[in-house]
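*Asks:* These protein sequence lines map, in sequence, to chains A and B.
The C-terminal position of the first sequence is numbered 344 in my numbering, with every residue numbered one higher than the one before it.
The C-terminal position of the second sequence is numbered 1457 in my numbering, with every residue numbered one higher than the one before it.
Source of the hints: derived by calculation from the structure; they are not laboratory data.
Hints are supplied without guarantee of correctness; some may be wrong.
Said to hold, decoys possible - Residues of chain B clear of chain A, computed beta-carbon distances all greater than 12 Å:
no., residue
1, VAL1070
2, SER1078
3, LEU1080
4, GLU1085
5, GLY1101
6, ARG1135
What the hints assert, rightly or not - Only pairs whose alpha carbons sit at most 25 Å apart, straight line, appear in this in silico SDA-like list of lysine to any residue:
no., chain 1, residue 1, chain 2, residue 2
7, A, LYS101, B, GLU1273
8, A, LYS330, B, MET1157
9, A, LYS101, B, VAL1323
10, A, LYS330, B, LEU1181
11, A, LYS101, B, MET1051
12, A, LYS101, B, THR1316
13, A, LYS222, A, LEU51
14, B, LYS1367, B, LEU1402
15, A, LYS80, A, PRO64
16, A, LYS80, A, ALA61
17, A, LYS330, B, VAL1083
18, B, LYS1444, B, PHE1303
19, A, LYS101, B, PRO1328
20, A, LYS80, B, ALA1123
21, A, LYS330, B, PHE1303
22, A, LYS330, B, THR1100
23, A, LYS101, B, ALA1139
24, A, LYS101, B, TRP1453
25, B, LYS1212, B, PRO1111
26, A, LYS101, B, MET1144
27, A, LYS330, B, ASP1071
28, A, LYS330, B, TYR1102
29, A, LYS330, B, LEU1402
30, A, LYS101, B, LEU1402
31, A, LYS222, A, GLU196
32, A, LYS330, B, PRO1328
33, A, LYS330, B, SER1056
34, A, LYS222, A, ILE159
35, A, LYS101, B, LEU1093
36, A, LYS101, B, PHE1303
37, A, LYS330, B, THR1055
38, A, LYS101, B, GLY1155
39, A, LYS330, B, THR1316
40, A, LYS330, B, LYS1367
In this text, all values refer to a predicted model and were calculated from it rather than measured experimentally.
The beta carbon of each residue, even a glycine, is placed where N, CA and C say it ideally should be.
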Amino acid sequence: MRHAVVPGLLISFWLSYASALHAYEIEDELMVGDPDADAQLRILSTTDIDLFEPFLAAFVAANPEIAIDYVVASSAEVMKAVQGGEPFDLVLSSAMDLQTKLSNDGYTQPYSSAATDLVPDWGNWRDHLFAFSQETVTLVISPAAFEGLDIPQTRQDLIRLLRDHEDRFRGRIGTYDISQSGAGYLFATQDARASESYWRLSEVMGNLGTRFFCCTSEMIEKVATGEIAMAYNVLGSYATARTDLADGIRIVELQDYTIMMLRTAAILRDAPNPQAAGLFIDHLIRAAWGPAELDYYPFPRFPAPEGAVSATRRPIRLGPGLLVYLDGLKRRAFLSEWRDAMRW
Amino acid sequence: MSRAAQISGSIRRRLIGQLVLGSAVLAAVLVLLVTNLARNVAQDTQDSILMASVTSILDTMTVRDGEISVDLPYAALSMLGNVSEDRVFYRILADGQLLTGYEDLPDPGDPGRDGGYITAPYAGTEVRMATAERRLSVAGTPIMVTVSVAQTRQGLMQTLAQVSRRGAAVGIGFFVLAALLAVLTTEFGLRPLRDLAGAVSRRGPKDLRSVKGPVPQEMAPLVISLNSFIDRLRYSLSRSEDFIAEAAHRVRTPLFTVRTQAEIALRRVERPENRAAIKEMIRALDESSRAAGQLLDHAMVTFRTDHLEKERVLLTELAEELVDRLRPVADLRDIGLSMQSEGTPEVLGDAVLIENALRNVLDNAIKYSAPDSDVDIRIGREASDCFIMVRDHAGGFPEGALHRMTERFARGDNAGGTVGSGLGLTIAREVLEAHGGRLTLENKGDGACVTLWFPAS
């Protein structure tokens, strides 16, 4: 979802990025707060402005001395920008693997405060990465397309269903193009780790001419219009947020296991304004893990599972394991296997 | 003779100091050992996990279609995350050429057959790196693959810091306990010495018994020497007292003979100046024999107080008998002896000694009293003490000399014309002290008042 509309005020910023050797590509940008504020907090994020704007507004209202420059980019571009030394304070990303790699390779700095104690242990890596959302990776279906069929509850059900009704679903299944989407790649690799049934499902999906998309929102929209019958491995939070499409979609959390992605925040090592970044992280953490449910917090809140692994909802564990699928050889091998299975 | 001892240090302080210093050294060694052990264990743990990671990567390396293939296992890196939240780096080389990973990791040197470990600076911090090699055959050509996995040491350092803190706490606890024990041990160890010193210093001035209480082996030589010293002192004291008594006895008999001869001579001479000379001679002889008598008394008192035998003594009875015996002497000088007794005071003591003491006091009163005056004796009880008070009208003790009247051979300035040795009040005082009582001297009205106080039986 690339926004063509850029507020006139920001054109100069836009141009300055564009002139910066085209080091990375942004999708969207928003200035929040008083442009003459004492401090400017520059946030590089993968979260859409539509979803996040109320939160930014709430932060600026609480901290009027800070103005926010909120830049949205894809997770790969975020990585590129940080490695290129762009002067951002804070990185918010859903790409847990890339965030881990940034932190592991020394691009982030540690932070701790009273608020960071609220984060469960598995949501805090080295006091560098702080999880601020738990989002289920779900199956989104079109109720119309499933008329007369049982809604699948597990991947086994889904495989059986697809095999039994090949005609109904041929060309009407969507999933991430994992060679393009960092999130899609992360979900696929975690899926492959979680269960062998992922590869069987992929084979079945490949047989039925699955279509590949860049982003969750596009898939949800296509499901809502009925163009595709279902989208596999999409973010439940985005689907829930699209209340305008509520009638056309149904979110299914598969019961054999449901991966939970954590959005993470990290302060960059060379942040020009780490204090403001720390305040923002505190604000995020209180909204995500604090006792009060705040209406401007855009993500669903789940009760934090007791252990790292709950019965069905499994948060992806932060840690060096996430680096494995970022390895060039490993990635090439995984993509090649995936393409074979998906017949793409 | 000075009573102060020359002090050079203190056994107690020295012992405590040495023990505490020893504890401190032991505690420091303990902390060092524990910390060192913990460091080795923690390092071994990190090393073995790193090597497990290296091995798991090496195990996936195969040759497929003439090319080296690596399937980096998820666990190879995620297992490192289980131990600590440290940064992880890896590198896979084939014949020195990078296959994948972080190319700029430090050079591992020669890892050897079983793999090797180095600690080196990397990525702005220090990393521990495990490396192992394996030979693969690609199309008949041997190729050496080298796998290195490195991890920062922050978690290790945190663990070590924690261990060090705990070690230090244990060390301090150990030290405090040991120091406490050192103080207790020293106090306990020095107790026999303190007990002995206390026992000896609590003794009365005449107590020359040997030390009998059991003492530790190490103190036996000291006690043996002390006892032998006491024996020698006692022997020498008794010898000198025997000598005095013997001398007094030997002098008294010839003195008596000379006095008899002098009296006979007095009857024979008629010239007044000769008579005066002989009278003066008799007076001097009286004084000498009285002195010898008192020396004998004193020796007797000393002996009897050393071996005090206590029996019930009725003070009134004792005083009445004595007054009856002294009455003739008093009558000679027209001195009236009056006695007043309240109740029947009874004390535990040696009747002979008490009589001797009272006689000396009465002797003095009679001697110093002018003719036609009275000496009053009062016997009674005050609070828990019994007393015998002897009061005369002879002008009293010289002012300012009261406190030294009971010292040996001390005589009042008014003693000029009176026969005496200066031992009377000393004997009285020694007798009373031996009985746990006391002798008080005071001037009352126109005379002296001497009171013998006894603790009631």
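*Asks:* A separate judgement is required for each hint: does it hold in the structure or not?
*Replies:* Comparing the hints with the structure gives:
1. Not every Cβ of chain A is farther than 12 Å from the Cβ of VAL1070(B); the closest lies at roughly 5 Å, contradicting the non-interface assignment.
2. A cut-off of 12 Å between C-beta atoms contradicts the statement that SER1078(B) is not in contact with chain A; the least separation is 3 Å.
3. Against chain A, the non-interface label of LEU1080(B) is violated: not every CB pair exceeds 12 Å, the least being about 5 Å.
4. For GLU1085(B), the condition that its CB be more than 12 Å from all CB atoms of chain A is violated, with the nearest at approximately 4 Å.
5. Its beta-carbon lying about 7 Å from the closest one in chain A, GLY1101(B) breaks the requirement of being farther than 12 Å from that chain.
6. With a closest Cβ-Cβ approach of about 20 Å to chain A, ARG1135(B) is found to remain outside the 12 Å limit, as its non-interface label requires.
7. Distance restraint check for LYS101(A) and GLU1273(B): the Cα-Cα separation of roughly 141 Å exceeds the 25 Å cut-off, and the hinted pair is therefore not satisfied.
8. Only pairs whose Cα atoms come within 25 Å are accepted, and LYS330(A) paired with MET1157(B) is rejected, the gap being roughly 32 Å.
9. The suggested pairing of LYS101(A) with VAL1323(B) is violated, with an alpha-carbon distance near 122 Å, which exceeds 25 Å.
10. With a C-alpha separation of about 65 Å, the suggested pair LYS330(A) and LEU1181(B) falls outside the 25 Å cut-off, and the hint is violated.
11. Between LYS101(A) and MET1051(B) the CA atoms are separated by roughly 22 Å; this keeps the pair inside 25 Å, and the hint holds.
12. About 115 Å separates the Cα atoms of LYS101(A) and THR1316(B), which puts this hinted pair outside 25 Å; it is violated.
13. Taken as a hint, the LYS222(A) and LEU51(A) pair is honoured in the structure, with Cα atoms around 19 Å apart against an allowance of 25 Å.
14. For the proposed pair LYS1367(B) and LEU1402(B), the alpha carbon gap of about 18 Å is at most 25 Å, so the pair holds.
15. At roughly 31 Å between alpha-carbon atoms, LYS80(A) and PRO64(A) are farther apart than 25 Å, so this suggested pair is violated.
16. Using a Cα cut-off of 25 Å, the hinted pair LYS80(A) and ALA61(A) is violated, with the two alpha carbons roughly 31 Å apart.
17. Restraint check for LYS330(A) and VAL1083(B): satisfied, since their Cα atoms lie roughly 24 Å apart, inside the 25 Å limit.
18. This hinted pair does not check out: LYS1444(B) and PHE1303(B) have alpha carbons roughly 34 Å apart, beyond 25 Å.
19. At roughly 130 Å between alpha-carbon atoms, LYS101(A) and PRO1328(B) are farther apart than 25 Å, so this suggested pair is violated.
20. At roughly 19 Å between alpha-carbon atoms, LYS80(A) and ALA1123(B) fall within 25 Å of each other, so this suggested pair holds.
21. A C-alpha spacing of about 114 Å is found between LYS330(A) and PHE1303(B), which places the hinted pair above 25 Å, so the restraint is violated.
22. For the given pair, LYS330(A) sits about 9 Å from THR1100(B) by alpha-carbon distance, which is consistent with the 25 Å threshold.
23. A threshold of 25 Å between alpha carbons decides the hint, and for LYS101(A) with ALA1139(B) the separation of about 36 Å lies outside it, so the pair is violated.
24. With a C-alpha separation of about 104 Å, the suggested pairing of LYS101(A) with TRP1453(B) is violated against the 25 Å cut-off.
25. Distance restraint check for LYS1212(B) and PRO1111(B): the Cα-Cα separation of roughly 79 Å exceeds the 25 Å cut-off, and the hinted pair is therefore not satisfied.
26. A C-alpha spacing of about 28 Å is found between LYS101(A) and MET1144(B), which places the hinted pair above 25 Å, so the restraint is violated.
27. Between LYS330(A) and ASP1071(B), the direct Cα distance comes to roughly 6 Å. Compliance with the 25 Å bound is thereby established for this hinted pair.
28. With a C-alpha separation of about 14 Å, the suggested pairing of LYS330(A) with TYR1102(B) holds against the 25 Å cut-off.
29. For the hint pairing LYS330(A) with LEU1402(B), the CA-to-CA distance comes to about 117 Å; that exceeds 25 Å, so the pair is violated.
30. As the CA atoms of LYS101(A) and LEU1402(B) are separated by approximately 106 Å, the hinted pair breaks the 25 Å bound.
31. At most 25 Å may separate the alpha-carbon atoms for a hinted pair to count; LYS222(A) and GLU196(A) exceed this at roughly 28 Å.
32. Among the hinted pairs, LYS330(A) with PRO1328(B) is inconsistent with the structure: their alpha-carbon atoms are about 140 Å apart, more than 25 Å.
33. Taking the CA atoms of LYS330(A) and SER1056(B), the gap is about 15 Å. The hint holds against a cut of 25 Å.
34. Of the supplied pair hints, the one linking LYS222(A) and ILE159(A) holds, its CA atoms being roughly 21 Å apart against a limit of 25 Å.
35. Note on LYS101(A) and LEU1093(B): the hinted pairing holds, with a Cα-Cα distance of about 21 Å set against a maximum of 25 Å.
36. About 106 Å separates the Cα atoms of LYS101(A) and PHE1303(B), which puts this hinted pair outside 25 Å; it is violated.
37. Of the supplied pair hints, the one linking LYS330(A) and THR1055(B) holds, its CA atoms being roughly 17 Å apart against a limit of 25 Å.
38. Taking the CA atoms of LYS101(A) and GLY1155(B), the gap is about 18 Å. The hint holds against a cut of 25 Å.
39. Proximity of LYS330(A) to THR1316(B) is assessed by CA-CA distance (about 125 Å); at most 25 Å being required, the pair is judged violated.
40. Under the criterion of a C-alpha separation no larger than 25 Å, the hint pairing LYS330(A) with LYS1367(B) is inconsistent with the structure, at around 132 Å.
Comparing the model with each numbered hint stated earlier shows that hints 1, 2, 3, 4, 5, 7, 8, 9, 10, 12, 15, 16, 18, 19, 21, 23, 24, 25, 26, 29, 30, 31, 32, 36, 39, 40 do not hold.
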